[in-house]
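Chains as they are written, first to last, in my numbering: chain A, 646 to 1409; chain Z, 4 to 163.
In case anyone wonders, no lab produced these hints; they're calculated from the structure. Fair warning: this is a prediction, and the values are worked out from it, not measured in the lab. Treat the hints with care, as some may be off.
Claimed, not checked - Below, a sample of chain A positions facing chain Z; criterion: calculated Cβ distance under 7 Å:
| id | residue |
| --- | --- |
| 1 | 655 |
| 2 | 656 |
| 3 | 666 |
| 4 | 705 |
| 5 | 761 |
| 6 | 762 |
| 7 | 833 |
| 8 | 1292 |
| 9 | 1300 |
| 10 | 1304 |
| 11 | 1350 |
| 12 | 1390 |
| 13 | 1393 |
Think of the CB as a built atom: it goes at the ideal place given N, C-alpha and C, for glycine as much as any other residue.
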Amino acid sequence: MNTCVIGRGLPRIDSVPKVTGEAQYTVDLKMPGMLSGKILRSPQPHALITSIDTSAAKNLAGVQAVITARDVPDGQFSFYAHLADKNILCTTRVRYVGDEVAAVAAIDDDTAEEALSLIKVEYEPLPAVYDVEEAMQPGSPLVHPEKEGNVTWTVQRLFGDPDKAFAECDVVVEGKYVTHQVAHTCMEVSNCIAKWDAKDRLTIWTNTQAPHTQRQEVARVLGISKRNVRVINSYMGGGFGSKLVMDMKLPIAAILSRNTGRPVRIVNTRAEEFTTSKTRYPYTMYLKTGATKDGRIVARDLKLIGDAGAYHDKGPATINFSSMMFGTLYNVPNIRFEGLLVYTNKEMGTAFRGFGNPQVSFATETQLDELAEKLGMDPVELRLKNSNEAGMETSCGADVCGCGMGECITAAADGIGWNEKRGKKDGKTLRGVGLANMVHTGGGGRFYGFNSAEAFVKLSDDGTVTLITSALEMGQGAHTTMAQILAEELGVRLSDINVLSNDTDLTPYDLGSWGSRATFMNGNAVLAAGRDARRVVGEAAAEMLEADVMEIVVEEGKVWVRGSDEKHDLAEIVEHAVNVHGSPLSGTGEFIDTLPEGYTVPTAFAKNIPCFSFGTQAAEVEVDIETGQVHVIRVIAAHETGTTINQTMAEGQIEGAVVQGIGYALVEELVRADGKILNDSFLDYKILNIGDVPEITAVCIESIGTNGPYGAKGIGEPGLVPTAPAIANAVFDAVGVRFYELPMTPERVLKALKESGRSEGGSS
Amino acid sequence: MKRELHITVNGDAHHLLVDERRTLLEVVRDDIGLTGTKNGCGAGECGACTVLLDNEPVNSCLVLAHEADGQAVVTIEGLAKGTVLHPVQEAFVEQGATQCGFCTPGMVISTKALLDRTPDPTREEILKGLRGNLCRCTGYLKIIDAVEAAKCLLREEGAE
């Protein structure tokens, strides 16, 4: 490929405003007359509301509005309309510590806070349930009493004949695996401003990954037409999945604004962010894997119980996605998957980088090492033997178009020094190496029955190029990626391009930035729009320069006739077209990714993923058997990018994800007592700091076969998926103990070492 | 209760009437309108609000505005000279050390403070100097690269 811009580690187009402080985030916006909104949240994990007295709050000077369930539409909401289960404000029952009970708008934060303290709510506490398996027992407290039980969603998949296959296997491994709730901890907390205009139209400024679908969600829960809702986002301080589904503060702010006639801002405190902005779904998994003695995996059975928390949110979709990745990582002919989503009296889960895949990968990839041990086979050899290859169709219908799995395994193993280190002890330190594979979507999914994107290019007579795309920038670099694709296609410099993506009135309908889909989906639309704009520029230049259109060259913002020394600025061509012919220049492009033939849910459900991205991570760890600390020394993260659009940004995505993955593996967990989260601050909820980070080598493996822009795949999520099992497998290599629960905290490590007799002073 | 406050921010002298409970972060962001300094936690745990107070890095959410009375504050907006970036900013851009950018102002200010104090820091000194600044996006490696690059840029600048 002859590319000028693609692949290079060019600086991001938004980095200068970010290093100068010029970048305005939603939380930085100000509006005349703006009020401060705050939400009164339940202190009870499960209770009936017996009375609410707001009179003292309403009488406080500076308070403009106080609302309870009586003042809001009574419809319920969930991401899927037919699974709606949450009121804007609780009516008679609260279901977790943090549930929204009432809200106020006041002239400033202090007054709003004081008003909250004056609202008197009486509760009648009810028994609560926090553990999914307890919640499934008959007689367990019902989180939603109108339902028969707490199991609220089930997914069953069956491919081949697992029972028969297991009976014929030479080796079968079984285990129970548990993961816990972790928080996204975006540096910018969830926040919004709501304002109604004189035409009765609601504008919401918020940090969102999916403005168009949130616009629909706000309209749906408020019972108003979506044409009366506009959503605007700004620079955004992180997403990681947490800002995909609407937060209730949006309709709450809208109602407070409606009642006061003024803009109302609601901003989470950091404690609210930890306790109410939703988490990764904890999974309890029963997994069984069977293989022939030569190491061919022939059967897998996974029963997965997902902890929804108090409401559905993205739970059903997360469980569905888990089943797809479980069925696709290796081509196993016989698969059974049963996924249950269970209500508990806890903060609800939502999308989180990896979307149900890191949990399952922890189970499958640590069990694979156990299988290798029983087979007496090297874990790398076992993985290579079962690795997918390009062009395969797996038993669950996944079309493995491009596939760099084998290369990823080799790159990670070689990078960590597998042959020299695995299973070799020097007698002094407890070091080990481990590795794990992953697969993830590299381009979102056709989960809505479709997957499409559109883009527009506007050429100005000053030579600047405006790209209108729905590729949301939440920090991952989508704007720069889109600008690089456009620069490549149109023949302009990156600095000539402005990207607009922040306003539902401006941008085409789009499902949002999630599922590692922006590069693949929006990128393809931008590529088409860039080609369209290039065609238009070529025609205009041919006319102006009196040359054949095929002889027009456009590069780095200059236009000329091939062979001529006379170079023109793009601005001259556009100006000529506009001023001489009255013909403005622009380009449009779309990418429509329809469901392929053969897609059916029971037999070929993984066909709704347009392309897969494979990867392997290898970790080297040292275990301190006195303290139980696992110290990660280095990680080699080899991930398939298809074609790397921006080397620096791709590395940045992988490195950042690996560090989140190390946190998931070793330290991050929301801890509760009586339903209340105890670690609701950065002091008590540890995320890795700069001194905790090991050496990380991000390796981008290029592969062919997908129809992303230039063959590119998404790389936003994959880096987190295999980190925890790679570390767990390395810990086994170091100390010979397997872990079935995350995070591997010092307490859990010491306990496991003690049980295995391997701790200091133990019997081994 | 409101009291008079004299404070210099990025070279501009401000004379304000400020409630004595307000933090330096609130005054910089809300009263003076410099929103480059970010509020990540409000409790001194994340470092997003780091500013220089008489050349020392502080979490501005933990400093009462009146504690800064009569002193000079430098915020992220005070580093570049017009459109010319400070070497630390330039290094963050070149090394790809920003993603969402919300921690970046604090990171840049902490890096400047570190390099002002220790022009040739060891890796250990870099890690120590930035340990109070949390980032959820980058995994920190490109931030370390940026500090190393800034060190070289500053040295070149000093040699000119």
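Self-check item: Minimum beta-carbon distance criterion (7 Å), residue 1300 (chain A) to chain Z
Solution: The hint holds - residue 1300 (chain A) has a Cβ within 7 Å of chain Z, the shortest such distance being about 4 Å.
Self-check item: Restraint check, 7 Å cut-off on beta carbons, for residue 761 (chain A) near chain Z
Solution: It is violated, given that the least Cβ distance between residue 761 (chain A) and chain Z is near 17 Å, above 7 Å.
Quiz item: Does residue 1350 (chain A) pass the interface check with chain Z, least Cβ-Cβ distance below 7 Å?
Solution: violated, 28 Å
Quiz item: Would the stated hint for residue 1304 (chain A) survive a check requiring a Cβ distance to chain Z of less than 7 Å?
Solution: Constraint on residue 1304 (chain A) satisfied, holds at 4 Å.
Quiz prompt | Restraint outcome when residue 762 (chain A) is required to lie within 7 Å of chain Z by C-beta distance | solution = Because about 17 Å separates residue 762 (chain A) from the closest Cβ in chain Z, which is outside the 7 Å limit, the hint is violated.
Quiz item: Hint check: is the beta carbon of residue 833 (chain A) less than 7 Å from a beta carbon of chain Z?
Solution: holds, 5 Å
Quiz item: Would the stated hint for residue 1292 (chain A) survive a check requiring a Cβ distance to chain Z of less than 7 Å?
Solution: violated, 9 Å
Practice problem: Double-check residue 656 (chain A) for me: the hint is only fine if its C-beta lies closer than 7 Å to a C-beta in chain Z. | Solution: Interface hint status for residue 656 (chain A): holds (5 Å vs cutoff 7 Å).
Quiz item: Taking the closest Cβ pair, is residue 666 (chain A) under 7 Å from chain Z?
Solution: With a minimum Cβ separation of about 2 Å from chain Z (threshold 7 Å), the hint on residue 666 (chain A) holds.
Exercise. For the hint on residue 1390 (chain A), just tell me whether its beta-carbon gets within less than 7 Å of chain Z.
Key: Violated: closest Cβ of chain Z sits about 20 Å from residue 1390 (chain A), beyond 7 Å.
Quiz item: Can we keep the residue 705 (chain A) interface hint, with Cβ of chain Z closer than 7 Å?
Solution: violated, 18 Å
Quiz prompt | Restraint satisfaction for residue 1393 (chain A) [CB to CB of chain Z, less than 7 Å] | solution = Hint on residue 1393 (chain A): violated, closest Cβ of chain Z at ~24 Å, above 7 Å.
Figure legend: structure checked against the earlier numbered hints; hints not met, in rising order: 1, 4, 5, 6, 8, 11, 12 and 13.
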